[in-house]
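K.L.:
Sequence:
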Amino acid sequence: MTVAEIIEILDAEFPNAKSDLNYRNPFELLIAVTLSAQTTDVAVNKVTPALFERYPTPYSLSQADVKDVESYLKTIGLYRNKAKYIVACASMLVDDFEGEVPRTRTQLMKLPGVGRKTANVVLAEGFKLPAIAVDTHVERVAKRLKLAKPNDTVEDVERKLMRKIPREDWARAHHLLLLFGRYHSTARNERDAFELLEELKEKHQR
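When you line the sequence shown up against UniProt numbering, it's residues 1 to 206, in that order.
Just so you know, the hints here were simulated from the structure itself, not pulled from any lab data. Treat each hint with caution, since some may be false.
What the hints assert, rightly or not - Cut-off 25 Å, straight-line C-alpha distance, at most; resulting in silico cross-link-like pairs (DMTMM-like, lysine to aspartate or glutamate):
no., residue 1, residue 2
1, K164, E8
2, K201, D65
3, K46, D65
4, K110, E98
5, K128, E8
These numbers come from a predicted model, not from an experiment.
The task is simple: from the sequences and hints, build the whole structure.
P.N.:
Below is the structure:
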């Protein structure tokens with residue numbers, strides 16, 4: 001099965017594939033993705049409206065008392081660490097980037113709490129720049145679909161996906177592989193991923 005066929009099948013299953021996080025600008029996306037580590041997007045979406053109403057800009061968040069920020073985040077995992085990270089992140093945006101979210105992976109990864117995956121999500125979603133974010137779902141699915149080797153690192157997986165998937169499809173492929181991993185080829189479901197794809201193909205041919 002070719003990469004194009006995989007994308008086509010998943011496109012039919014998830015025609016509206018996009019981020020589940022709610023955000024209005026790159027700053028809100030950056031904070032929301034940082035908060036989403038080891039937490040569901042649904043949980044993040046419940047806390048961000050009040051958080052962003054209180055702290056709508058990097059400058060306002062940079063001036064925040066960490067304890068006050070914690071009070072908005074108590075329903076999500078690791079909220080104390082995340083409160084510290086997002087206040088520090090906002091401070092660096094103000095001090096080093098004139099209050100703007102940077103548009104390169106290297107600069108994004110200088111921000112506290114921002115790893116490669118978060119940086120790639122911000123590039124792809126926030127700025128519509130070509131990038132593939134590899135989270136646990138994407139990594140698992142890429143390996144099961146033989147797009148990467150079992151022992152490949154996250155960066156290896158990212159590089160191989162970028163080689164095998166057309167550049168203009170990178171952001172969409174991230175969402176499609178993620179959703180396939182979240183709802184079909186889950187960590188607990190060890191059925192052959194190609195069989196699962198064939199079932200989806202048949203479902204949409206009926």
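K.L.:
A separate judgement is required for each hint: does it hold in the structure or not?
P.N.:
Outcome of the hint check:
{"no.": "1", "hint": "K164 to E8", "verdict": "14 Å, holds"}
{"no.": "2", "hint": "K201 to D65", "verdict": "52 Å, violated"}
{"no.": "3", "hint": "K46 to D65", "verdict": "21 Å, holds"}
{"no.": "4", "hint": "K110 to E98", "verdict": "15 Å, holds"}
{"no.": "5", "hint": "K128 to E8", "verdict": "21 Å, holds"}
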